[in-house]
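Peer 1: Spelled out, the chains give:
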Amino acid sequence: MTDPNRERYRIRETAFYLFTQQSLPACKPVLTPGWVITIFLFMGLIFIPVGLVTLRASHSVVEIVDRYDIECVPESSRIDKISYIQDDSIPKNCSRFMKVRKYMKAPINIYYQLDNYYQNHRRYVKSRSDKQLLHGRKYHDTSSCQPVELNNGQPIVPCGLIAWSLFNDSFTFIRERAELKVNRKNIAWKSDRDHKFGKNVHPFSFQNGTLIGGGKLYPKIPLSDQEDLIVWMRTSALPSFRKLYGRIEEDLDVDDVIVVNLMNNYNTYSFGGKKKLVLSTSSWLGGKNNFLGHACIIVGCSSLVLAIVFTLLHLKYRRPYGDTSYLPWNRKSLSG
Amino acid sequence: MSGWDAVNSPKSQPGSSSSRKTPARTVTLGRVQPQAPALRTIFCNDCDANMAHRYRGNSISTTKYNIFTFLPKGLYEQFRRVANLYFLMVSILSTTPYSPVNPVTNMVPLSLVLMFSLIKEAFEDWQRLQNDKAINNIPVDVLQEQGWETLQWKKLHVGDIIRVKQDEFFPADILLLASTNSDGVCYIESANLDGETNLKIRKALEKTWDYLTPEKACEFKGEVQCEQPNNSLYTFTGNLVIDNQTLPLSPNQILLRGCSLKNTDFIVGAVIFTGHETKVMMNSMNVPSKRSTLERKLDKLILALFCTLFSLCLVGAMGSGIFIDRKYFYLGLLENVEDQFNPNRRFMVIILTMLTLLTLYSTIIPISLYVSIETIKFIQSSQFINKDLNMYHAETNTPASARTSNLNEELGQVEYIFSDKTGTLTRNLMEFFKCSIGGEIYGAGMTEIERDISERKGIKVQEVQMSAGSVREKGFNFDDVRLIRGAWRNEPNHDVCKEFFRCIAICHTVLPEGNESPEKIKYQAASPDEAALVLAAKKFGFFFYRRTPTMIYVRESHVETMGKTQDVSYEILNVLEFNSTRKRQSVVCRYPDGRLVLYCKGADTVIYERLGIGNDDLNKVTRDHLEQFGSAGLRTLCLAYRDLAPGFYEGWNEKFIKAKSSLRDREKRLDEVAELKEKDLILIGATAIEDKLQEGVPSCIQTLSRAGIKIWVLTGDKMETAINIAYACNLLNNEMIQFIISSETDAIREVEERGEQAETALFIKEEVRKQLKQCLDEAQQYFCSPSGPKLGLVIDGKCLMCALDPSLRVMLLTLSLNCASVVCCRVSPLQKAQVTSLVKRGARKITLSIGDGANDVSMIQAAHIGIGISGLEGMQAVMASDFSIAQFRFLEDLLLMHGRWAYIRLCKVVMYFFYKNLAFSLTQFWFTFNTGFCGQRFYDDWFQSLYNVIFTALPVVFVGVLDKDISPSLSKKYPELYKEGVRHMFFKWRVVALWAFFAVYQSLVFFYFISATCSTSLDPSGKMFGLWDVSTMAYTCIVVTVNLRLLMMCNSITRWHCISVGGSILAWFLFIFLYSGITTPLDRNDNMYWVIYILMGTSYFYVTLLLVPVAALLVDFLYLSVQRWFFPYDYQIVQEMHKDDIQSTDPSELLESKQQLTPDEARCREISQLPKEVSRHSGFAFDSPGYESFFASQFGKYVPPKAWDVARRGSMRSKATPK
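Protein chains in written order, with full-length UniProt numbering: chain W, 1 to 336; chain G, 1 to 1219.
Bound conformation, chain W alone (with noise of 0.2 Å):
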């Protein structure tokens, strides 16, 4: 009848009573020299495979990178770069040629690079209005786009710094004369193209003021499909960072040439920020970084280390654990 309820009843009650009498059933870990190097020994059983895995993947991975900024500028304009970049009037076009040293399997990813930018910036950060890009001019609060927000009383969309500071150079690649095909489609993340940028929204207004900060968009094309823009508003954690250009779908090979021609329509100059171009293939792990793989072998090594050091030092100084001769008040009655 009430005897499981009884039974709950008594199992409660003494579980409580173990835990008022501070008895509760515990597991009483003791680090025991067996303990540390078995430890240290399994830490570096596990991550030096790991390290290796992850290195070897890295290491699949070929990357070219060229740095362009400096040599797309005309010898004559390198005094004052900057005032090169700002006139309009010059040709921005320049030719790049780089050589495959390896063979490269499609699809090869292609970044630029840009340095001492700070696209974490608190200011130019908080410069945008996810609410616009989403549902745009229809929304009108765009104060958090400042000091982009309105052009001569227009809202501007996509409004804010981030958008106006768009990333404006322009890449083509020719292999033996013939065009390499570059897509430039699914750049972005999905979630981002699907959910976080309108599709009917249009830019409006976009860079028709007195100061322009970079790429212009077609203002055709809905927000959603505008893929440089998606990617360039992700803004980015550190102030050196990679954006995905596109990605040429044919495989490259060993002594490939590229020509690159390029438009080197952005400023970097007046903050001394480096452009780099950069070919990269993909493995399981992303891109060529060896970062991980190092960081994985040396945790395990320094373990497979100290394991061997532990046990060295419990072969020659053997501690007797649970030696009561170390208890402080056995030490004074052997010393007095």
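Be aware that one or more of the hints could be misleading.
To be verified - Under the rule of at most 27 Å between Cα atoms (straight-line distance), these lysine-lysine pairs were calculated in the DSSO-like manner:
1. Lys520(G) x Lys583(G)
2. Lys316(W) x Lys165(G)
3. Lys327(G) x Lys276(W)
4. Lys274(W) x Lys327(G)
5. Lys964(G) x Lys126(W)
6. Lys28(W) x Lys668(G)
7. Lys316(W) x Lys126(W)
8. Lys92(W) x Lys327(G)
9. Lys28(W) x Lys964(G)
None of these hints come from the bench; they were simulated from the model. Just so it is clear, the structure is predicted and the values come from calculations on it, not from any experiment.
With the hints as your guide, set chain G onto chain W.
Peer 2: The following block gives chain G in isolation, referenced to the frame of chain W:
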């Protein structure tokens, strides 16, 4: 009987009361002493006439708040905490544009913490309200329209005539009119007021005796003129005007609220003071709440954190001032730039960025720390200390009780214990234990100390079975068949035995009381020793049953022949009384057959001086016996007699009478005369009386002193007694070097006799200085050598008074701190407190006072921790204490186990809080360097705000409650472990620095590992991570690492640890799944949208989640291993020694063992789990737990012991009356 004898002096202490803070509650009557009108006139039985005066009703309210004042007052209380105030400031700051974070970041933790505290307050106040209601609704009989009508207490008015029945409590302060007892007398018990359980007598004025029936009482039309309500419990002045007669009223006619009626069917009285105007309510006041040393140290840590915070902000702000430049065109700094980013106003930039960073780094201050600590402490005290079966005293049904929860960890750091003697170390019970008669020892018992000594020697002591023929009674614990029931007649020295028994039956000043039968008689004695001796005589068959001024009647059995009883009367000719100089007492008596004998008993030294020649063998043997008794901790007296020749006696008696009638130096001359006769004595034997120690006291003291705790005994007793007990308790022993500073020297006595106070004082002071100096010089040579002999100091009250003088204080302190034990005798309650604070202030050590009586109250309040012995008579000490236990020996559990654990646990909690907040905030700081010092937040607002209150909150509470380094039995087995707490091993700046190092290292790992990996694409598709992806990754690593770190610092891991740690990590994932998965139209979180899903879609996430916590914890683990290997803590070694001990960790096993509890144990357990029933004693209306549960229990309602805030519990005004 003598209830009001002690009343004459008002017992309040003006000094202590004025220094108390005014309690923060609505009832602050305690200090209000209405001045005008000086008189209050009450018209008894005349409602309308009293109406005009608008006296307050009888309902009481002890609540702090009402509905309207709750919020403002409660909030005010909360914001008195610096951390809360700081967070309020930061929250306000974060609503300004300077803030990088949403106001929510700081508001949420603050409001959660505030909510928690406020709910707690409200709950507590609601309970108070319920209790008030219960009290206000107690029924009482009130005279209405010619009959008794039952009304509730709250409906009583001033002037009402009420009837109170036996065992009921008085609802208000009442003027006693009539009682069912004859002579208008009634008995009351005032245990709730002053803790005295003896009955007191109140007597009505003769004029009002008749108003007992309702009919008669209706006719009563008196007018009471009395003083205004005040808080003096023992005074009352007023007049009763009746029939144009003015009769004076005294406290003798007043029945105070809080007392109860005993031994009287009912009484009739008139209500004088009601509700909050009753004396007991006006006395309610708050004990000053004590803060623990750890908490004070914690304040310093918080201060250090504030300093760190400011320096971090300063660094960041300077950086921002340097960084900001127009060249970063993309920041739009060309025109209309707000001040914070205006490159032209760099100073302004620095100032404003400072504010920004203050809000950003605010997580460095652990806001939930105080709430967590309070919760932990509350659980520790209410669940562990109060319910510990080891500290439950079954005989008196008294569990231990923590009356405040904020001193738990202080218990783990005590270095000095100040103990009262009587009632604390001893039971205040003298028992006749052994004797030596004619060179033969009788009595087979073993004292506590003997048992202890032999146990230490490794001899297994067998519990001596009481022989079947033994007779035991309270005061008589003698076991030897050779003497009982006339068996002494068969002893070879039976004549000496007879003398022995007669001596103890005749030579005393005891008064018999009550029925003259052996079973019912009660002895009234000046000292309990005497009573024990007379009792022993009774047991031996010499029953002293009657005393007249000249005669003593003794019913002697077995004297002539076995089994025969005869009444013998002895004529008492002279009594030479005991005093401290004589140290002996003599009686001259004449036998019915004319034999004249002088019986004498006294200290061995004085008796041996006066023995006659011969009998050297006997004297020597007896002396050996005396020493034997002494080393067993027994109190000895020598008995001797002398036959007097009638002629000699007559001559002597003349001198005696002359001396007795002399006007000058009577005492001295009497002594001289006595000397003439008290010589040539013949030794009979010696008695040994056991001043019964509390159970387990010597071994407890032994254990505590092994734990490095020094025990001082402060007693009002004589020096000899005190030393005796000190020996018995093992505080002093013969291997010690003892320093005795006494005022009982001849030189001092000589000066004292001259009678000039000023001179005496000066002389004593000089003498004390000399003695102190001498002792100190001697002691100095032992200070250096640790293996040298232990030192002991004995000092008496008079010398102490001088030694406490500022000029001598340092010397006293140096000497006494180097002594293993100190005994202060003949000290007043005030001196007890002075000695306590001397050590507390002078030596800056943590002190604990333990006592049971009203004379210990000042000492209990002066020490860091006050402990009251409960379960006996009187609750004054308990009411003033912070913890109460039933027996001295429970100190062992309280300190070595609960205190030690509480200390270790709280240190862990504090250090962990410090570490986790620092580690978290520093990642933010490193990020600042990568953002141009602009103060951009690294984490989402919600991450930052929930870090402290959700994702890392619970596990640490579990550690604070459940962590156990070694089992309780081991902590008692190795009391030396306690020293770690005394030395502040677990919370000192070195430990803080260590944790700070871990925090810095880990934060670097978190930030740089994550930021170094994310410079390239981490997804096979080549897409790049943004700021929020990176920060979410870092945050995940932090939450996991910080929680795992907690597991690493646990000494014992229960399933609750695992559940809470796992739960916290799981909570984070659940939260982020929801948070990044859902966007509401109202508040779009575009930044975080889908972040975790993107992250978890990459292999990078899993590799990093494996790598970063391990890399971060690698150093910690290395430290832990190296520390344990090379610099182990003492407890760690003990852990290792007992690593393989079988622990009954299997719950089913324990379940079984639980079933195997004997019924008694089970019952004890059940009882101990009940809320404590202290109602019988506890302070009525002092807002104490007993008060509530008492009345609640009357209504059959279960009231759990009050939650938190035990600290602020009121107690009554301390009374420092010597016992």
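Peer 1: All hints are to be evaluated individually against the structure, with a verdict given for each.
Peer 2: Hint check results:
1. Lys520(G) x Lys583(G): Between lysine 520(G) and lysine 583(G) the Cα gap is close to 32 Å, so the pair fails against 27 Å, i.e. violated.
2. Lys316(W) x Lys165(G): Since the Cα atoms of lysine 316(W) and lysine 165(G) sit roughly 84 Å apart, the hinted pair is violated (cutoff 27 Å).
3. Lys327(G) x Lys276(W): Holds - the C-alpha atoms of lysine 276(W) and lysine 327(G) are around 20 Å apart, at most 27 Å.
4. Lys274(W) x Lys327(G): Since the Cα atoms of lysine 274(W) and lysine 327(G) sit roughly 14 Å apart, the hinted pair holds (cutoff 27 Å).
5. Lys964(G) x Lys126(W): Violated, at roughly 49 Å.
6. Lys28(W) x Lys668(G): violated, 73 Å
7. Lys316(W) x Lys126(W): Violated, because 61 Å separates the two Cα atoms, which is more than 27 Å.
8. Lys92(W) x Lys327(G): With a Cα-Cα distance of about 21 Å, the restraint between lysine 92(W) and lysine 327(G) holds, given a limit of 27 Å.
9. Lys28(W) x Lys964(G): Roughly 9 Å between the alpha carbons, so the hint for lysine 28(W) and lysine 964(G) holds.
Going through the hint list in order, the structure does not satisfy hints 1, 2, 5, 6, 7.
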